[in-house]
Amino acid sequence: MSSLSLLPLLPFLGALAVLLTPSAYRAAWRYIAIAATGITVLVAVSVFFGFQVGYGGYQMVANHAWVPAIGLNYHVGVDGISVGLLLVASLVAFAASWVSEEIRDHEKLFYTLLLVMVGGVFGALISLDLFFLYFFNELALVPTFLMIGIWGRGPDKNAVAFQITLYLSLGALVALVGLVCLYALSGANTLDVVTLTAWLKEHPLPESSQTLIFGLLLFGFGTLVGLWPFHSWAPQGYGIAPTATAMMHAGILKKVGAFALLRAAFPLLPAGVAQWTQVLAVLCLGNIVYCGWVAMRQRDLNLLFGNSSLAHMGFVFLGLASVSLIGVTGAVLIMVAHALLAALEYALSGHVYRQTGTLDLSRMGGLMRTMPFVGAALVTAMLAGCGVPGFASFAGELTVMFGVWPELPWYVVSAAWGGLAIGGVYMLRAIRQVAHGPAAEATMSGADVTWSGRVPFLVLLVPLILFGVAPYSLVNRIRPSVALVVQRARPVPATAPAPATAAVAAVPAPPAH
Amino acid sequence: MEPTHLPTAFPPTNFQDLAWAILMLPLVSALAITLGLRRSRVLTTTLSLTAVAVGFGLSVWLFFLFGISGQHLAATPLAWLSVGGLDVHLGLTVDSLSTLMLMVVTGVSFLVHLYSTGYMEDDPEYPRYFASLGFFTFSMLGIVLSDNLVQTFIFWELVGVSSYLLVGFWYDKPAAADAAKKAFLTNRMGDFGFILGILLIWGATGTVSFDALAAKMGADPAVLGSLSSLAGILVFLGAVGKSAQLPLHVWLPDAMEGPTPVSALIHAATMVAAGVYMLCRVFFLFELPAAWPGPLAFLGHLSALDVIAWTGGLTSLFAGVIAIQQDDIKRILAYSTLSQLGYMVMAVGCGGPDAAMFHLTTHACFKALLFLGAGSVIYACHHEQNIWRMGGLAKRMPITFWTFLIATMALCGLPVVSSGFYSKDAIFAAALAADRPVLFVLGILVVGLTTLYMSRLVIIAFLGSARSDAASHAADPGRNMTLPLIILAVPSVGLGWLPLGAYFRHAIFPHAAEHGMSEASDVFFEPFNHSPLGAFLGLGLLAFGLSVAYVAYWGASADPMPARLPRLSRALRNRLYADEIYEATVIPLHDGFAALAGGFDRWVVQGFFVRGASGAVDLFGRGLRLAQTGNLQTYAFLFVAGVALVVLLALK
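Listed in order, the protein sequences are those of chains A and B. This note's numbering puts the first residue of the first sequence at 3, with every later residue one more than the last. This note's numbering puts the first residue of the second sequence at 43, with every later residue one more than the last.
Where hints are given, some of them may not hold.
[Claimed, not checked] Residues on chain B that point at chain A, a partial pick, calculated with CB under 10 Å: (1) Ala63; (2) Met66; (3) Val130; (4) Ile196; (5) Val203; (6) Lys215; (7) Pro216.
Hints were generated in silico from the structure; no laboratory data involved. No residue lacks a Cβ here, since even glycine has one placed at the ideal position from N, Cα and C.
All chains, full assembly: derive it from the sequences and hints.
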């Protein structure tokens, strides 16, 4: 069995173990979750370092026919696009299990759902059969709705849970329609990515079908990522979700949508790419600029983080819209970086909420004084959020800017960079209100974290900085795989300013398993 | 590509390790303090002082090895990120320009560290202060040593962050927290242009490395085509932010809320000088012929240098005028810094980056000295910063007074016995050589203003009799605070006697023919031979400024200007309303957009689309209740229909 299969398997086994542990040992549930996700961290780390740098194809592949009649395979593998995401997914899951002390009722159900969600995320990221990718993504989404509905905060939780369910189910459904169309129209009789790629190379779909399917996938998966104007579920949902749910969803599950676009839509439908990138370039400015302005108006820390997170996703879409090696590499880099960043932000706001009972910006102040560690970590995370060097998110955003410069009109690039400037404005205003200044009444009583309580924050913050200082460790893994995707998504060579084809040409065949 | 080179252990096997050590030592000390050493004050002090002192020693060594000989050290870069046509590495440039700047940065930084051991002695967060100071020094050295535009931009932003941490060091104080935020955001506005400029240059040439760019632009001056002026101006915008030029100057006076030694380091000698240094580093970019793309063709022959020269000149005048009506000792120095930075930028614009670097070097010494002197005064007067509540300090604080006076003479440009005289003269000569008589006159006028506001400061704060209880009990601070003052006084007097102008000329234009630099015996009176017009006019204005200050302020108990010239005085005390202009234009405009987007999101996207759609779906569902349709399927249907509509519309 490929070690990759352990990644979803361990959390699922953990979920089973939680279910089977009787209430007399209720303290064990959390430790089971921590242990299960902790071991996946080890597996993911070994996958990351066992990954052969320089190969663009799939590695550590396992392939078993499952339902041959409809071409359904249990086909898993990892490439440069997923390897970094797997690593950060395991870290986010581990941190999310650690911070879930806050859950005081129905803990058994909570940890079961959390572990199912984690397993689903891993399943989606390693699947090379689009059916399984979709299935696992849905498997991870359903617990989200339940967790918000059951453990959410505040009086609006049912309405918000309803809204997020509505949006995400429908987004997923539209994507499903797209996948079904792909299955039906391609004639390949499979959704296996590898087989489908080879098949579509020989038998390309007519342009109109490609355009239709790409559109469905773009809006379907795009809604899952929070593509403007289908975004409003995200900040609202994260605003009231339990901490672990917000960390998992904003951190990693949301990226699965963009990941699916890179797996399914871009490499398989080049004619669709050509039709839709201009639209995508405009919509992503909605995320970057519009959501940035919306973030400026927020009076709640979580709503601010939610809108800021949408702005970061806008940069992912911007990178994708460039369909260039540099831009798409940057987009994947942001996905990895932002997984850590978003999870860190929600973990911190969760702690602050537990301690002070409020996330209302106007009632907060002086956190640096009352909670030195959490305050400093919050300031650090917020600086990372406005694109300061030294954090992986900066490397990603910078790379995207370079990637889109030759490909998209200059005003798109200027507007996007302007979005980062807006990000600086609201983040620094928030730091000023939350962390600086004299301590506010609401934050007086709050306690800082204990030594063991620092673990989840450090697990997220340290890699965010390490990847920011040495982004090549990610980029060198991402680049060859992105080169393959870009090559397929844009058969005609791009008008790059410099010989960008060197890396494309240097992609050898995947290594023997 | 995995990292190809890592610095090896000390002792160095080759000289690039020395340069890496200079860069990394302050970072290592900052990290060590943050991660644990902060428990011990002694260790914190020892480590951070040693790191910078060793850095200074190594800088001097490199200066003698590479700076004087004009050799260029080719260092193996560290990989950072490489994808497609974008290849960014962290490299080092060790040449004449950078080694001298290294000495300035590490030297001033060391003295500020030393001074801070006294000034910050009673602060409970002493270790955090030294960690931030180390982090700042690291970031600044990164700019100095950078060998490409992206690396410069990275450290540029890190300097912004570390200055944010230092200005906001006393974050409990609302004014300090606000000032830190303002400094960071204002710098960001300049960086916005800087990165666009970098993208533009990279798009046209495919490289961001200084050496490769200089070679390409030297070989083919038309390489940027019609974008050359635009690229230059965008890159210059970065310097407008960091070096606080009009209209982004508003952050610097507010940044005085930080601890005073911080102001000496970052708001006098280093951070604000980074903009000027960067302009000199990429000066080849400004030598390209002016050209504009089609829609901007009406700008004709306006070159980036024109914009730079006028921005600098106007900043110099603007800030000099404001300084004469400030009462806060640090704010006077802050506006003075703006004014002197304006000189440097103007010199770059006049095609004299060598003069700009010359003035940068002398200014770093005497302005750091002025700020540290002001720090001593503030320390001795129990955090009193208003000069009208000082007075008579000359007798009680002799060391502070005499060193402050020396620095004041240097700032005003007193002939022969001050370094500022020589470096300012180089700037006036550059303005004349570039055939910009208006800027020349403007620069000379600013000499008068400088002398006026500095004499006012010295007369009121140091001479006469004490105007407050605190001032009557003031005394010179301890030796760790007076020693840096004495050390800095030496270069403030004598730096101009060294042939720094020729040194920088050779550093920036290695292939240019030597100017007719006179014999060494002549060096003291060189400016009178070299550009007699500038030297004599400057001397005249200096005398004029001094006389005005003497008449108006000698023995005065209150400032006569508000009574004599009420309108002008009020306008100057309100800093010529620059902040108010921002508060009336840019900020509400931007907040207006945000309000619009926020309202749209709340009422239209969420209210209309979401609630409206769910309301409509609800009605629809009631209508379909006979068919027993569950809600979710209905929504699903509607959503798919909507997306299909979008798809169809897009296909049209």
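Evaluated hints:
1. Ala63: For Ala63 of chain B, the interface hint is violated, since the closest Cβ of chain A sits about 18 Å away, which is over 10 Å.
2. Met66: Cβ of Met66 of chain B sits 12 Å from chain A, so the hint is violated.
3. Val130: OK, holds: Val130 of chain B within 10 Å of chain A, min 8 Å.
4. Ile196: 4 Å, holds
5. Val203: Hint on Val203 of chain B: holds, closest Cβ of chain A at ~5 Å, below 10 Å.
6. Lys215: Holds, about 8 Å.
7. Pro216: 5 Å, holds
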